[in-house]
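Protein chains: 2
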Amino acid sequence: MRIAIDAMGGDNAPSALVAGALKAAQDWTDTHIVLVGDTAVIEPLLAGGKPANLEIRHAAEKIEADEEPVKAIRRKKDSSMVVAGRLVREGEADGMISAGNTGALMTAGLLVVGRIEGIERPALAPMMPTRDDLGVLALDLGANMDAKPEHLLQYALMGSIYREKVHGMKNPRVGLLNVGTEARKGNELTKAAFDLIEQSSLNFVGNVEARDVLDRNCDILICDGFVGNILLKTMEGTAGFLMKTLKEEFSRSLLTKIAAAIMMPGLKGLRRKMDYKEHGAAPLLGVNGLIMKCHGSSDAMAVRNAVRQARIALQGNLIPSITSEISGK
Amino acid sequence: MRIAIDAMGGDNAPSALVAGALKAAQDWTDTHIVLVGDTAVIEPLLAGGKPANLEIRHAAEKIEADEEPVKAIRRKKDSSMVVAGRLVREGEADGMISAGNTGALMTAGLLVVGRIEGIERPALAPMMPTRDDLGVLALDLGANMDAKPEHLLQYALMGSIYREKVHGMKNPRVGLLNVGTEARKGNELTKAAFDLIEQSSLNFVGNVEARDVLDRNCDILICDGFVGNILLKTMEGTAGFLMKTLKEEFSRSLLTKIAAAIMMPGLKGLRRKMDYKEHGAAPLLGVNGLIMKCHGSSDAMAVRNAVRQARIALQGNLIPSITSEISGK
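Residue numbers (this note's numbering), protein chains in the order written: chain L, 1 to 329; chain D, 1 to 329.
Hints may contain errors.
As the list claims (entries may be wrong) - No farther apart than 27 angstroms at their CA atoms in a straight line, the calculated lysine-lysine pairs in the DSS-like style are these:
{"id": "1", "chain 1": "D", "residue 1": "Lys244", "chain 2": "L", "residue 2": "Lys244"}
{"id": "2", "chain 1": "L", "residue 1": "Lys77", "chain 2": "D", "residue 2": "Lys185"}
{"id": "3", "chain 1": "D", "residue 1": "Lys50", "chain 2": "D", "residue 2": "Lys71"}
{"id": "4", "chain 1": "D", "residue 1": "Lys148", "chain 2": "D", "residue 2": "Lys185"}
{"id": "5", "chain 1": "D", "residue 1": "Lys247", "chain 2": "D", "residue 2": "Lys257"}
{"id": "6", "chain 1": "D", "residue 1": "Lys23", "chain 2": "D", "residue 2": "Lys273"}
{"id": "7", "chain 1": "D", "residue 1": "Lys247", "chain 2": "L", "residue 2": "Lys191"}
{"id": "8", "chain 1": "D", "residue 1": "Lys185", "chain 2": "L", "residue 2": "Lys148"}
{"id": "9", "chain 1": "L", "residue 1": "Lys244", "chain 2": "D", "residue 2": "Lys268"}
{"id": "10", "chain 1": "L", "residue 1": "Lys268", "chain 2": "L", "residue 2": "Lys247"}
{"id": "11", "chain 1": "D", "residue 1": "Lys268", "chain 2": "L", "residue 2": "Lys185"}
{"id": "12", "chain 1": "L", "residue 1": "Lys268", "chain 2": "D", "residue 2": "Lys23"}
{"id": "13", "chain 1": "L", "residue 1": "Lys71", "chain 2": "L", "residue 2": "Lys50"}
{"id": "14", "chain 1": "D", "residue 1": "Lys191", "chain 2": "L", "residue 2": "Lys244"}
{"id": "15", "chain 1": "L", "residue 1": "Lys185", "chain 2": "D", "residue 2": "Lys23"}
{"id": "16", "chain 1": "D", "residue 1": "Lys23", "chain 2": "D", "residue 2": "Lys247"}
{"id": "17", "chain 1": "L", "residue 1": "Lys185", "chain 2": "L", "residue 2": "Lys165"}
It should be emphasised that the hints constitute simulated quantities derived from the structure, not laboratory data.
Input sequences plus hints: build the corresponding full structure.
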């Protein structure tokens, strides 16, 4: 198994990417890691020793976090992200991992790796936090701002396969994000998508409401990329606001500081739970190769864990499963 | 000034509605309150005395919380909600207040009171909580699931007038809810709406992100009703989840219970802030008369406060201002 890692993308690149790759190569000696990036920068970071299953593939350029995605991918043919994508397309790697510019990575998925035949729109599918620790796979969370009903059906299909293959879930429940749980609710898009998903063989639990997602009212949450982005950022914003206010209240006086010390262990877990960076890398589903997006602020352990996720997806034949499911439709 | 109150709608109807109406009639003797509902039920609740500026208008039927809105409004011609709407349409009342079925009230706005000429879609505009206490007026939060760019422009216009007339804000800032703050972001709807609002004379601050709403990054937040509903419910769900988890952590042991006792005063304010029921009644903007929607669980004080809001809106000539602004376009 060969996994390419974009060494130059992310807030902590290249050090966190190199350290994470090293850790992964040590943990899984059956996996070959290809670190893609500037050799002159990467090599010194591997001065402590380079395992046999870790190689460097030189790429002279890198894509910055604020670059316009399509332009960046088209112009920077020798960027670490594009080179990693090319390794996947040409079969030199089975999958790639990047913590870089999300828009650029989605564009690389489309333009460099390419779509699975029959998939109209790939979707980004991160895990959302839930009260229990199983999470909800939500898609699309930003790859396509506008979606048609058939796209939502394809998201549901791909998400179901991912949860089966990567998370070992049997018959995962598909929920359609909507403004109420009744069948005829919503806008034109969700009404039409409801009918399509209902007619499929998926385990469709119908419409689900945003406020119940934290209770894991489904295992796969379907929405268009615009709504998904609003959902995720509202959750982040609300949790961030409450955590900040709580911190202010805890630091108000000596007494409240004592209260804070008492509460700290219990609340740490809550903060971690609400931090979606903690919930692993997000697959870009629908491209003809495995692409995992790590959060921009990923540290070495997050990168190492993304390799673990990629290994499970590859061992579970995620991409061939999606391909055969789609072509069978 | 005459304000009709639907006495039969809401979780605490009729008692909270009657008590709130009574309080309002006592507080503002220049305002005539028309309580609309079943006389046989309302009269005993006024056994303590009925001020001269409070009258009962009999309506034999009532619309239940779970009734299908359009059917309910069409069939129950003698329901308290429809009768109150008719009073507004016929000029017997300057405005109406209801805590009943939201969908039915929006339908009554359309079918009984009627739209302002030139307004294509009325919008429901509640206040969203913010870190400071000024809040953000958000619209549309559920009146229309699908919107066109021109509708979003009209929401922006109506919201601006409301904040000027009712909240006394000078030059309130209009923000378009979007997935990023850059100008060309979003889906087809928001891209087109951006151009329209930018060309208007409104104080448009551009695209705003969901996670910044709590920091009051604008005074009027524009979105379609589907997205608005997702925003509101995600905020509710996330805050509810965090509050519940906090409560669990606080009740874990004797020590944490002591911490809870220390923190309680500070946290009460936070809970109230996040509870959008506390943020007053929401106007249904775009109908040809003042309609205020109180939260279903409103108590007497909330009803009384809705009358206060309605008074300010009427004194500020809200409806004529919207009408002249729209006809001037």
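Consistency of the hints with the structure:
As the CA atoms of Lys244 of chain D and Lys244 of chain L are separated by approximately 17 angstroms, the hinted pair is consistent with the 27 angstroms bound. Proximity of Lys77 of chain L to Lys185 of chain D is assessed by CA-CA distance (about 25 angstroms); at most 27 angstroms being required, the pair is judged to hold. Between Lys50 of chain D and Lys71 of chain D the CA atoms are separated by roughly 35 angstroms; this puts the pair beyond 27 angstroms, and the hint is violated. At roughly 17 angstroms between alpha-carbon atoms, Lys148 of chain D and Lys185 of chain D fall within 27 angstroms of each other, so this suggested pair holds.
Straight-line distance between C-alpha atoms of Lys247 of chain D and Lys257 of chain D comes to about 10 angstroms, which keeps the hinted pair within the 27 angstroms bound. About 24 angstroms separates the Cα atoms of Lys23 of chain D and Lys273 of chain D, which keeps this hinted pair within 27 angstroms; it holds. The straight-line distance between the Cα atoms of Lys247 of chain D and Lys191 of chain L is roughly 38 angstroms, outside the 27 angstroms bound, and the hint therefore fails. Distance check on the hinted pair: Lys185 of chain D and Lys148 of chain L sit about 19 angstroms apart at the alpha-carbon level, within 27 angstroms; holds.
The straight-line distance between the Cα atoms of Lys244 of chain L and Lys268 of chain D is roughly 15 angstroms, inside the 27 angstroms bound, and the hint therefore holds. For the suggested pair Lys268 of chain L and Lys247 of chain L, the alpha carbons sit about 12 angstroms apart, so the restraint of at most 27 angstroms is met. A distance of roughly 35 angstroms separates the Cα atoms of Lys268 of chain D and Lys185 of chain L; the hinted pair therefore is violated under the 27 angstroms criterion. Annotation: proposed proximity of Lys268 of chain L to Lys23 of chain D is violated, straight-line Cα distance about 46 angstroms (limit 27 angstroms).
With a C-alpha separation of about 35 angstroms, the suggested pair Lys71 of chain L and Lys50 of chain L falls outside the 27 angstroms cut-off, and the hint is violated. Straight-line distance between C-alpha atoms of Lys191 of chain D and Lys244 of chain L comes to about 33 angstroms, which puts the hinted pair past the 27 angstroms bound. For a cut-off of 27 angstroms, the pair hint linking Lys185 of chain L to Lys23 of chain D is broken: about 38 angstroms separates their Cα positions. This hinted pair does not check out: Lys23 of chain D and Lys247 of chain D have alpha carbons roughly 35 angstroms apart, beyond 27 angstroms.
Taken as a hint, the Lys185 of chain L and Lys165 of chain L pair is broken in the structure, with Cα atoms around 31 angstroms apart against an allowance of 27 angstroms.
This entry does not satisfy hints 3, 7, 11, 12, 13, 14, 15, 16, 17, going by the numbered hints stated previously.
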